[in-house]
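Please model the complete structure; the sequences and the hints are all you need to start from.
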Amino acid sequence: MIKVNVPAGADQVRLDQFLSTLEEPEISRSYASKLIKDDRIQLNGKSCKASSRVKEGDELLIDMPEPVSLDVVAEDIPLDIVYEDEDFLIVNKPKGMVVHPAAGHYQGTLVNAVMNHCGEELSTINGVMRPGIVHRIDKNTTGLLVVCKNDKAHKSLAEQLKEHSITRKYVAIVCGNIKEDSGTVDAPLGRSKKDRKKQAIDMVDGRDAVTHFRVLERFSDYTLVECILETGRTHQIRVHMASIGHPVLGDDVYGPKKCPFTLEGQCLHAKVLGFIHPSTGEYVEFDSEYPEYLKRLMDRLRKK
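As numbered in the numbering used here, residues 4 to 307 make up the sequence shown, in order.
Hints are not guaranteed to be accurate.
[What the hints assert, rightly or not] Straight-line distance between alpha carbons at most 27 Å, and here's what the computed BS3-like set of lysine-lysine pairs gives:
1. 298 to 261
2. 260 to 197
3. 155 to 37
4. 142 to 260
If you are wondering where the hints come from, they were derived from the structure by calculation, not from laboratory data. Predicted model only: the values in this text are computed from it and were never measured.
Spelled out as structure tokens, the structure:
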């Protein structure tokens with residue numbers, strides 16, 4: 004049973020609509036309606052309707068059914084493994100690859116590939132759909148991910164993520180020419196109340212989110228930046244850079260719908276990943292080269 008208290012700012016919002024804005028548990032509005040219909044949600048200890056209105060201080064009890072177990076099949080998909088030992092492997096994820104199975108993507112994911120490579124040697128903390136997966140990057144973001152082989156390593160890395168002590172440096176090409184050499188975007192993020200598929204800056208109910216950026220190279224109409232995450236919220240860099248007028252090039256969700264280049268999604272690469280090794284206790288850091296598509300684009304921008 005999951006307990007949720009209604010925060011300030013949600014007064015007189017429909018119950019099904021409020022539930023669809025939650026970060027945890029993540030529930031669609033239609034699924035919220037089904038849970039309510041099945042009497043799996045109580046509002047202040049009583050049965051309720053989807054049209055019931057919530058107010059600040061209300062208590063919700065959510066009885067989430069056990070997820071249906073799906074058979075995730077190991078697939079012989081090539082992996083770019085940067086490092087591997089008994090506790091984890093560092094994978095350089097290509098553009099276009101989804102990290103773990105979900106609705107519409109049960110095959111061809113990083114998890115399918117890692118299962119083929121590791122066999123039974125994967126942590127089980129995140130269940131059958133996300134074995135070994137501690138953190139994610141978007142489908143069209145390239146770069147480094149850590150995959151844990153055992154629960155001890157998984158717990159260690161998850162705790163470091165929670166404490167924001169993991170080093171995560173990204174490179175991105177953003178629209179426009181940034182005048183400052185460096186800067187910080189400190190703006191809380193939460194699910195957009197207008198479009199639940201998006202994240203948005205939310206000064207009332209959002210979770211703390213901090214991105215530090217540094218200019219690496221300037222082109223005529225674009226800027227290559229390094230972004231260092233202090234926190235790791237969904238779509239954090241993409242939303243933060245768009246919020247200061249410099250969306251990531253190729254990002255058709257938070258940036259312009261039309262792009263002057265033929266790109267497969269946003270120009271964003273997870274370049275550096277560092278953390279305390281779960282067994283040795285020593286700090287380890289891994290770096291990756293710019294992906295080929297980014298190199299070609301940078302050469303083209305330099306010529307312009």
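Hints, verified against the model:
1. 298 to 261: Roughly 21 Å separates the two Cα atoms, so the pair holds.
2. 260 to 197: holds (18 Å)
3. 155 to 37: At roughly 37 Å apart (the allowed maximum being 27 Å), residue 37 and residue 155 break the hint.
4. 142 to 260: holds (18 Å)
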